[in-house]
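Taken in sequence, the protein lines are chains F and Z.
1 is the number of the first residue of the first sequence in the working numbering; add one for each residue after it.
1 is the number of the first residue of the second sequence in the working numbering; add one for each residue after it.
Be aware that one or more of the hints could be misleading.
Said to hold, decoys possible - Examples of chain Z residues lying across from chain F (beta carbon under 7 Å, computed):
no. : residue
1   : Ala10
2   : Ile11
3   : Phe32
4   : Val201
Said to hold, decoys possible - Derived lysine to any residue pairs resembling SDA-like cross-links, with alpha carbons at most 25 Å apart:
no. : chain 1 : residue 1 : chain 2 : residue 2
5   : F       : Lys59     : Z       : Ile12
6   : Z       : Lys155    : F       : Leu95
7   : Z       : Lys156    : F       : Thr89
8   : Z       : Lys192    : F       : Phe137
9   : F       : Lys114    : Z       : Ile12
10  : Z       : Lys155    : F       : Thr89
11  : Z       : Lys155    : F       : Glu94
12  : F       : Lys59     : Z       : Lys192
13  : F       : Lys59     : Z       : Trp5
14  : Z       : Lys155    : F       : Phe137
15  : F       : Lys114    : Z       : Ile15
16  : Z       : Lys155    : F       : Thr21
17  : Z       : Lys156    : F       : Ile93
18  : Z       : Lys155    : F       : Leu150
19  : F       : Lys59     : Z       : Leu17
20  : F       : Lys114    : Z       : Ser19
21  : F       : Lys114    : Z       : Lys156
22  : F       : Lys59     : Z       : Gly18
23  : F       : Lys59     : Z       : Ser19
24  : F       : Lys59     : Z       : Arg6
25  : Z       : Lys192    : F       : Leu150
26  : F       : Lys114    : Z       : Val16
Simulated from the structure, these hints should not be mistaken for lab results.
Virtual Cβ for every residue (Gly too), placed ideally from N, Cα, C.
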Amino acid sequence: MKQTKLGILLYVILIIPPITTYMESIMLVHMLIQFPLLILAGWLIGEWVLERWPYHFLKWDANGIAGIILVIFITTYWMFPRAMDESLTIWHIELFKFISLPLVGILLRNSWRKLTIIGRSFVFLNYLSMFGLMGWFYIDSPVQICNNYLEIEQQMLGWGFVVITGIMIVYVLQKCFISGTKSNVNQI
Amino acid sequence: MIKNWRNVVAIILAIVLGSLLIYFGTDGFHAFTEESARTYQLHQEKPLFPRVMLEDNKERVYPFSEFEDKYVLITFFYTACTDVCPVLEMNFAEVYDQIPEKYIGEDIVFLSISFDTKHDKPAVLENYRKSFGSDGETWRMARIPNQTELDNLLKKFGVIVIPEGNGHFQHNSAFYLVNRKGYLEKVMDYEKVDEAAQTVVSVLEKEAGE
Chain F
1 MKQTKLGILL YVILIIPPIT TYMESIMLVH MLIQFPLLIL AGWLIGEWVL ERWPYHFLKW
61 DANGIAGIIL VIFITTYWMF PRAMDESLTI WHIELFKFIS LPLVGILLRN SWRKLTIIGR
121 SFVFLNYLSM FGLMGWFYID SPVQICNNYL EIEQQMLGWG FVVITGIMIV YVLQKCFISG
181 TKSNVNQI
Chain Z
1 MIKNWRNVVA IILAIVLGSL LIYFGTDGFH AFTEESARTY QLHQEKPLFP RVMLEDNKER
61 VYPFSEFEDK YVLITFFYTA CTDVCPVLEM NFAEVYDQIP EKYIGEDIVF LSISFDTKHD
121 KPAVLENYRK SFGSDGETWR MARIPNQTEL DNLLKKFGVI VIPEGNGHFQ HNSAFYLVNR
181 KGYLEKVMDY EKVDEAAQTV VSVLEKEAGE
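When you get a sec, could you build the whole thing from the sequences and use the hints?
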C-alpha cells in the first residue's frame, strides 16, 4: 500500500489552494505538469482500488477496453483549450478536473496491463500523433486561444508538446530497433 | 458468455458517457475554445448594453442611451495597442465604407470604445480617430471614465482584457452590433470584413423592407 499512500499524499499536495493557483497561473505547468500529476496520483491510488474491488474490474472490464475508451475520451476533453480555460473560471469544471483525471489514472492502471501489445501500441501512437498535433496547433495559432492565458504562454505550451512528442518518438524507435535486437529479444 | 455480456455493456457505456462529455463540453460540437463558447452564448443571451456614461473624442459626455433608436456597431480597443487594434480599426473603417450612406448616422452609428481609461483621454482619441478616417460624429471614439461601469460593460459583453503591466493589454476583439433597443444583436468576426458588412446591411435592409 506504499503506492497508495504516495498517491494520496500527491493528491493532497495538488489540491492545496496556493499550489493549485500557482500551477494554473502558468499554462505550460497547468497542462503538462498538473494534469499528468493528477493522473499519476490516480494511478498510484489505483493500487488500493484494484485490490479492493478486483472482481468488479474483472467482471466489467476483463480486456481493459471499456477503461481505455473512457481514458481517451476524458483526456481528449481536457486537451480542448476551452476546458482548461473553464476550469479556471467555473468551479464545477475545476471540481470535475480533480475527479476525472485521477479516475483516468485508476482506469489506465487497470486497462494497461490487460491490453494486448497491439492495443497498447495503438493507444501510444494515438497519443503520439495527438501531442504532435497539439504542439503544432498551439505554436502556430495566430490568435489567443485561451482567454486566461497570453499568446506567448500558448507557444511555450506548444513547444512543451513538441518536446514530449520528440521523447515519445525516441522511445518508439529504441523500442523497435534497439531493445528488439537479438541479444535482448526475450525481454519484450 | 456472462463475462462477455458485462464487458460489452461496459464498453457501450464508456462510449456513450465519453461522447456525452465531449458533446456537452463543446456545446454540441459548436465551441472548442472559450472564445467561441462566448460568442455562442452571447447570441443566445443577447444582453442589454448596460447604463454607462461615455466621454467621446470631442469631450462630449453623454449616456449610451444617446444612441437610442439607432443601431450601434461597436469595437473595443486602446490607442497604445500596436498589434490587433490597428487592424481592428482599419477593418472597422472598411465596414463603415461598405454601409450605404443613407443608413450612416440615421439608422446606424459606429462607436469605438477604449478600455484604457487612464491613457485614452479625449485629445488622444481625437488624434487617433483622424488616422482611421473616422469623422468623429457618425463614427465616434469614446472612453468610459467610470471604471466600475466599464468593467460591468466588458463583463456583460464578454470582453476579456488582461493588463500586461507595461501599458499594454491582451484582449479579444470582435464587432458588436447593438440594436435600436440597446440589446446586443450580433457578434461578428473582425477579420471577415465583407461578411460583417453584409450582415449589418441585411439587418438594416430587412428592417426597411418591413
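For this session: Identify every previously stated hint that the structure contradicts and give their numbers, smallest first.
Result: 4, 12, 14, 21
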